[in-house]
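Student: What follows is the residue order along each chain.
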Amino acid sequence: MGLLEDALRKTFADQVRTTPVVDDAAGRAIASAGRTRRRRTVTGALAIAAGVAFAAGGVGLLGGPPDQGVGGAPVTRTAQPRPVDVRTPTVIVTRDGRTISLQRLPSVLDVLRVADGWLVTTDGPRRRSLHHVGEDATVTWLVDGDRILVSPDGRWVAWTVGPGVSIGERAGRTLALRHHTGGAGGLAPVAFAGGGLVLVTVDAGPIETDVWYPSTGPYAAGTRVRARAAAPTFDGAQVFALVGPTYPCLDVLNPIGLSMVRRACDLPLKPDYTLVPSPDGRWLLVLAPERVDLYDLDEVWTVQAPTASWTVVAQRVAWVDNRTFVLNGHGELLRGYVDGPGQLDEIAVDAGADGDVAPIPFARTSARGIG
Amino acid sequence: MAEFSVETEFRQFVAARSAALLRTAYLLVGDWAHAEDVLQTSLTKTYLAWRRLGEIEAVEGYARRVLVTTATSWWRRRWHGERPTAVMPERMAPDGADEHVERHAMWRHVHALPARQRAVLVLRFYEDLTEAETARILGVTVGTVKSQCARALAALRVRLAEDGVEAAGRRTVGPPAEPANAARPVERAEVAPPVAERSM
Numbered sequence: 001m002g003l004l005e006d007a008l009r010k011t012f013a014d015q016v017r018t019t020p021v022v023d024d025a026a027g028r029a030i031a032s033a034g035r036t037r038r039r040r041t042v043t044g045a046l047a048i049a050a051g052v053a054f055a056a057g058g059v060g061l062l063g064g065p066p067d068q069g070v071g072g073a074p075v076t077r078t079a080q081p082r083p084v085d086v087r088t089p090t091v092i093v094t095r096d097g098r099t100i101s102l103q104r105l106p107s108v109l110d111v112l113r114v115a116d117g118w119l120v121t122t123d124g125p126r127r128r129s130l131h132h133v134g135e136d137a138t139v140t141w142l143v144d145g146d147r148i149l150v151s152p153d154g155r156w157v158a159w160t161v162g163p164g165v166s167i168g169e170r171a172g173r174t175l176a177l178r179h180h181t182g183g184a185g186g187l188a189p190v191a192f193a194g195g196g197l198v199l200v201t202v203d204a205g206p207i208e209t210d211v212w213y214p215s216t217g218p219y220a221a222g223t224r225v226r227a228r229a230a231a232p233t234f235d236g237a238q239v240f241a242l243v244g245p246t247y248p249c250l251d252v253l254n255p256i257g258l259s260m261v262r263r264a265c266d267l268p269l270k271p272d273y274t275l276v277p278s279p280d281g282r283w284l285l286v287l288a289p290e291r292v293d294l295y296d297l298d299e300v301w302t303v304q305a306p307t308a309s310w311t312v313v314a315q316r317v318a319w320v321d322n323r324t325f326v327l328n329g330h331g332e333l334l335r336g337y338v339d340g341p342g343q344l345d346e347i348a349v350d351a352g353a354d355g356d357v358a359p360i361p362f363a364r365t366s367a368r369g370i371g
Numbered sequence: 372m373a374e375f376s377v378e379t380e381f382r383q384f385v386a387a388r389s390a391a392l393l394r395t396a397y398l399l400v401g402d403w404a405h406a407e408d409v410l411q412t413s414l415t416k417t418y419l420a421w422r423r424l425g426e427i428e429a430v431e432g433y434a435r436r437v438l439v440t441t442a443t444s445w446w447r448r449r450w451h452g453e454r455p456t457a458v459m460p461e462r463m464a465p466d467g468a469d470e471h472v473e474r475h476a477m478w479r480h481v482h483a484l485p486a487r488q489r490a491v492l493v494l495r496f497y498e499d500l501t502e503a504e505t506a507r508i509l510g511v512t513v514g515t516v517k518s519q520c521a522r523a524l525a526a527l528r529v530r531l532a533e534d535g536v537e538a539a540g541r542r543t544v545g546p547p548a549e550p551a552n553a554a555r556p557v558e559r560a561e562v563a564p565p566v567a568e569r570s571m
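If you read the sequences in order, they're chains A and B. For the first sequence, the positions run 1 to 371 when the working numbering is used. For the second sequence, the positions run 372 to 571 when the working numbering is used.
A couple of the hints might just be wrong.
[To be verified] Per the computed footprint, the stretches of chain B lying under chain A, defined by three or more beta-carbons under 8 Å from a beta-carbon of chain A, are: (1) 405-411; (2) 414-423; (3) 489-501; (4) 509-516.
Worth flagging that the hints you see were computed from the coordinates, not collected in a lab. From the three backbone atoms N, C-alpha and C, an ideal C-beta is built for every residue, glycine too.
The whole structure should be built from the sequences, with the hints applied where relevant.
Tutor: Printed below as a string of structure tokens:
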């Protein structure tokens, strides 16, 4: 052990030689955890109360004094409008408070907000399905498939049935088939990028990525790379990929030949993490099982570290704008800012108590699909 | 009854481990008040996850992981490098002052490091964790821990040298310095040149 390391040990020991006494740390943690649990309960109760009030003649609760939660804990509802639509397993709640029932669509996997409603992907006993749900709650079935991918702008849809891959163009409640190919068994679409459809292997074995260019004809296996392509870049021209078996590097790949454009390694990544770039392509949120990391895509290639990180269990995230995102964590809806104070704000949601609330992303027009 | 048991177990855990966790938090964030915030956040999350965690080893590991993640994430952007001090440490002082100044400089420079490099140093040289354990807590490879540690130590060496501090790192390349007032036998030939030279 070198002398510098010894000096470090002494420095650290010196600094904590006298430690302040923390007054009832356990009690405060228990109380704080209790408040978190009560907020969840009260949020559900408020939703029911609000529904009763509207049914009884529109005497709303919103204009009254702050509600008193269970045990007298004050609960102040946010004065700001909710930044995104949200969903539970059974309803969509719009930003302006309307509730759209999803009871006819069990097992909702994904929802995308489009101009005239929502595109809802559901899981069925045999296959997945894509539906259009209108503003008036009218449900229109669009397509079934083993795997279904909707482009970030909501215009293009790719789906697989056995070894076949199809691409359709959506306009309102109709989906027109544009391209089809066979010979793509064991592949699933993950991104529209650079005029092609990026596919990854879903069979057992190393994950590989390939691209199908519909304009050149049927799919023919190209030079697959050992990587899990995960998301298109903001302009749809390239694709983010996690390259490596255990602790992968973050790569930006050119869909043509899948050549590497940029790379950052030494990052706390695993192959199954979810990547969600911001609309302007400056930021990248990475969802890990117990953590959400934020990367600045201007600097990650040299800094090789996240800009910020939150310990939170989140499954879904939606960008509100280029600086703000909303995620579901600890069963609540939380809002974060790329340049904010570093803490996540809780957003009150009156969505009932029938399950976790998830934010619904907006369709973005910047994505380039199949031209 | 079950909730009572969880509370009791949690209180016992906090009584046994909170002081140690607080010290680690302080070394990560450099400020006792903020260290307490980080500790409270970690304990709250640990309590919420208590039933899921099960064994006490898992609890300890979880609490530590949350602590380090919370500290490094909050403070990467909040830390603005060196903190101004009202009074500069005096260099002229009784015995032990040089060591004090060196440690003050060391502490200052540790906190100017990127948060994750700082975390690696704290986990390796304060918590005495292995490289593998450090990697597990930070969610990176052992190779990354090694490289971050090497970069951090190199940066400290450079910055301490720039301060003119007799850094431990500098001593590693040469023989140990003799104490200034050490008495040792001196041979005459070392202090007095030959007579022929003196006459020129």
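Student: Please verify the coverage claim for the stretch 509-516 of chain B: does it have three or more residues whose C-beta sits within 8 Å of some C-beta in chain A?
Tutor: This one holds; 6 residues, not fewer than the three required, reach chain A with a Cβ under 8 Å.
Student: So is the stretch 489-501 of chain B in contact with chain A by the C-beta rule, three or more residues under 8 Å, or is the coverage claim wrong?
Tutor: Result for this restraint: holds, n = 4.
Student: Against chain A, does the stretch 405-411 of chain B show at least 3 residues with beta-carbon separation below 8 Å?
Tutor: Our answer is that it holds, as 3 residues pass the Cβ test (under 8 Å) against chain A, meeting three.
Student: Per the coverage rule (Cβ-Cβ under 8 Å, at least three residues), is the stretch 414-423 of chain B covered by chain A?
Tutor: Our answer is that it holds, as 6 residues pass the Cβ test (under 8 Å) against chain A, meeting three.
Checked against the numbered hints given earlier, this structure breaks none of them.
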